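Take a look at the letters that make up each chain.
2 protein chains.
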Amino acid sequence: MAVGEAVFPRMSVLDGLRLGTAEAAIKKPGRRDLVVVELPENTAVAGVFTRNAFCAAPVHVARDHLARSAVRYLLINTGNANAGTGEQGMKDAEYCCGALASLVGCAGEAVLPFSTGVIGEPLPVARIEAALPRALESLDDSSEAWQRAGEGILTTDTRPKGATATCQIGGQTVTINGISKGSGMIQPNMATMLGFVVTDAAIESDLLSSLLRETTQVSFNSITVDSDTSTNDACLLMATGRSAQVSSPKEVAAFRAALEEVMVTLAQAVIRDAEGATKFVTLQVEQARTVQEARDVAFTVAHSPLVKTALYASDANWGRILAAVGRAPVDDFDVNAVTIDLGAVRLVEHGGRAADYTEEAGSREMAREDITIRILLGRGESAATVWTSDLSHEYVSINADYRS
Amino acid sequence: MAVGEAVFPRMSVLDGLRLGTAEAAIKKPGRRDLVVVELPENTAVAGVFTRNAFCAAPVHVARDHLARSAVRYLLINTGNANAGTGEQGMKDAEYCCGALASLVGCAGEAVLPFSTGVIGEPLPVARIEAALPRALESLDDSSEAWQRAGEGILTTDTRPKGATATCQIGGQTVTINGISKGSGMIQPNMATMLGFVVTDAAIESDLLSSLLRETTQVSFNSITVDSDTSTNDACLLMATGRSAQVSSPKEVAAFRAALEEVMVTLAQAVIRDAEGATKFVTLQVEQARTVQEARDVAFTVAHSPLVKTALYASDANWGRILAAVGRAPVDDFDVNAVTIDLGAVRLVEHGGRAADYTEEAGSREMAREDITIRILLGRGESAATVWTSDLSHEYVSINADYRS
Numbered sequence: 001m002a003v004g005e006a007v008f009p010r011m012s013v014l015d016g017l018r019l020g021t022a023e024a025a026i027k028k029p030g031r032r033d034l035v036v037v038e039l040p041e042n043t044a045v046a047g048v049f050t051r052n053a054f055c056a057a058p059v060h061v062a063r064d065h066l067a068r069s070a071v072r073y074l075l076i077n078t079g080n081a082n083a084g085t086g087e088q089g090m091k092d093a094e095y096c097c098g099a100l101a102s103l104v105g106c107a108g109e110a111v112l113p114f115s116t117g118v119i120g121e122p123l124p125v126a127r128i129e130a131a132l133p134r135a136l137e138s139l140d141d142s143s144e145a146w147q148r149a150g151e152g153i154l155t156t157d158t159r160p161k162g163a164t165a166t167c168q169i170g171g172q173t174v175t176i177n178g179i180s181k182g183s184g185m186i187q188p189n190m191a192t193m194l195g196f197v198v199t200d201a202a203i204e205s206d207l208l209s210s211l212l213r214e215t216t217q218v219s220f221n222s223i224t225v226d227s228d229t230s231t232n233d234a235c236l237l238m239a240t241g242r243s244a245q246v247s248s249p250k251e252v253a254a255f256r257a258a259l260e261e262v263m264v265t266l267a268q269a270v271i272r273d274a275e276g277a278t279k280f281v282t283l284q285v286e287q288a289r290t291v292q293e294a295r296d297v298a299f300t301v302a303h304s305p306l307v308k309t310a311l312y313a314s315d316a317n318w319g320r321i322l323a324a325v326g327r328a329p330v331d332d333f334d335v336n337a338v339t340i341d342l343g344a345v346r347l348v349e350h351g352g353r354a355a356d357y358t359e360e361a362g363s364r365e366m367a368r369e370d371i372t373i374r375i376l377l378g379r380g381e382s383a384a385t386v387w388t389s390d391l392s393h394e395y396v397s398i399n400a401d402y403r404s
Numbered sequence: 001m002a003v004g005e006a007v008f009p010r011m012s013v014l015d016g017l018r019l020g021t022a023e024a025a026i027k028k029p030g031r032r033d034l035v036v037v038e039l040p041e042n043t044a045v046a047g048v049f050t051r052n053a054f055c056a057a058p059v060h061v062a063r064d065h066l067a068r069s070a071v072r073y074l075l076i077n078t079g080n081a082n083a084g085t086g087e088q089g090m091k092d093a094e095y096c097c098g099a100l101a102s103l104v105g106c107a108g109e110a111v112l113p114f115s116t117g118v119i120g121e122p123l124p125v126a127r128i129e130a131a132l133p134r135a136l137e138s139l140d141d142s143s144e145a146w147q148r149a150g151e152g153i154l155t156t157d158t159r160p161k162g163a164t165a166t167c168q169i170g171g172q173t174v175t176i177n178g179i180s181k182g183s184g185m186i187q188p189n190m191a192t193m194l195g196f197v198v199t200d201a202a203i204e205s206d207l208l209s210s211l212l213r214e215t216t217q218v219s220f221n222s223i224t225v226d227s228d229t230s231t232n233d234a235c236l237l238m239a240t241g242r243s244a245q246v247s248s249p250k251e252v253a254a255f256r257a258a259l260e261e262v263m264v265t266l267a268q269a270v271i272r273d274a275e276g277a278t279k280f281v282t283l284q285v286e287q288a289r290t291v292q293e294a295r296d297v298a299f300t301v302a303h304s305p306l307v308k309t310a311l312y313a314s315d316a317n318w319g320r321i322l323a324a325v326g327r328a329p330v331d332d333f334d335v336n337a338v339t340i341d342l343g344a345v346r347l348v349e350h351g352g353r354a355a356d357y358t359e360e361a362g363s364r365e366m367a368r369e370d371i372t373i374r375i376l377l378g379r380g381e382s383a384a385t386v387w388t389s390d391l392s393h394e395y396v397s398i399n400a401d402y403r404s
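So the protein lines, in turn, are chains D and L. In terms of the UniProt record's numbering, the numbers along the first sequence are unbroken and rise by one, the last being 404. In terms of the UniProt record's numbering, the numbers along the second sequence are unbroken and rise by one, the last being 404.
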């Protein structure tokens, strides 16, 4: 299941950047499950990684390589997360990096590994190694290569996720292309399951890193399917430097806006393709004392199984939204100041049901695929937006059957 | 659905305490939905109530009456929570207390009101008022009256929940009887949905209150079905004073042990009857730095939809348990020190799968109805136990259909 239609966008070529894929039969045969991304020399790379304490072996290795070396290749597999695999998992991730490095003639630490899939199974390194030559043969810079790479990183996702944007910097067109994956075990904490965003702009490394962190916060760190932060979350922002330099405040602002558009589109695509999703839900919390408070309220509502099942049923059960808001971790909470709107319909005011609310109006809004719940706390000036999905029978089926 | 068999226990008579029920057609006709409990004079009463900021009108009124007056009657309805009902809800709750008071000849504030059911609908006061005489006529002190009262407070619960225990105090037998209800919207915070526990012991009011708070923490505050703290949670502990006085440290210890047995049994009964439950799951977290840390880890695992769906599927998907432990809010978390057992089988040690783990052994444990997950954090001496249920198709069905 997935919400709405999604067309993989037409991606512009980024000079020097190529993507290759192969079928390595990592979990099962007959699907694209191995992706190699080749970066041009001198590409600046910034990364954010999961804060799950049980983070996966490739996360450890990618973080380490990124700190020590320039990056030339990304090696991404699906079907196996190489997480909960202890020391052997670390060796396996290093081994795969080394195998790719020896085929292309670079240092092993110039390769960053990423894995996604089932947790706790040994990584099938022999199958990955055997498929590497085919992935390298297919390296290509076309839009089709981006789409194949987008497909090659999926797990329970039903469709590839891509986004692209351009902006004008110093008279030159700068392009930003990105792909992401993720459908379940989604409450990213500093990253999504996997996101890879590349620009041809030239961006100094500290600036690149802060741009990634800022836009991650309002995109991948603002989505949740099921509150389960993955062991393998990672998001990279890469700048090849073949186009204009981004450095003045005005240039940074223009670039940031385009980057945020790409990041938010990719994050929303994860929610639209969430496991079992039939609804795409925007939670806008306003008039909070702090952004963190607004986020806390939004995530409390977004994680409520009772709100999520009501959304699935298209039932305007506003009492459940009110109950979830009421249990959010907010100090000195005056519920009489709270207002809750469902789309264009006011649900709650003065601590109870809005005076002119009707069940018909509520049901009409709830029947939509795209639903916005706006919660005004009446106690400050801060706001936050979080996106989530509903909780359906299909979500339970997918996750009760995933390993079988 | 519910886990295992449950027999309502044989309750001893508590001198002077009577329970009555009636069919008031509050939500729909043909079911017992109104309960009156009559307490003997001079009964000491302690209460804990929901911390949900949007707490229901009866919670406000019960808290207020309890602070101002001796208590003679409890008036409990199901089918309507009288929550999210603003000023009118407060008036309605007071009105019902007054109606009962005028029939029995006591002050309105000697009545404590409790409601459970759908949020946001006006309380049908006329129907409650009309049914009060029938509830009073049925007042009785028998075990059957306790069971009828247990039935009269249910919502989506499939069976009444009772517990009883005795202890010897100063050569006299002291009895503790209790009933509870709750099946969904369960992560009590200072109380369960509704719990009523009565003893014939004589207990001074401050001691009664601290006994209630202490035993609530390890019973109703240690269960979760779906992380949704209700607007109507309340738990009362009442001491009629007709039997022995509990005051010396030794007497308090004996009484506390019996009380904890009743409270834990009632709390566990809520989980065994959780919405859609097919499993009863005990999460034992040990070797934590603080009890709060142990509780945080236990609740993080207990709330994980991916762990809960794996439990439903009887799938020993230990990677999901590991991932949930890893995202718990624990500082300086060294995952290499963590050990996780599923029943008698070691799942995780040294940051990965236990050396002698086999899928067969894991699946055998996971197939049971009663499952214990033991998580040793390896960083301290504190422990906590939390009980939860699984996440099934039936849970989604119940909550997608609840209002229809």
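Hints in this document: simulated from the structure, not taken from any laboratory. Check before you lean on any hint, since a few could be wrong.
As the list makes no split between identical chains, a pair holds if one copy fits it or if it spans any two.
Okay, derived cross-link-like pairs now, EDC-like style, lysine to aspartate or glutamate, Cα gap no bigger than 20 Å in a straight line [what the hints assert, rightly or not]:
hint	residue 1	residue 2
1	K91	E349
2	K250	E349
3	K250	D341
4	K27	D315
None of these values were measured; they are calculated from a predicted model.
Quiz prompt | List of violated hint numbers, smallest to largest | solution = As far as the earlier hints go, 2, 3 are violated by this structure, in ascending order.
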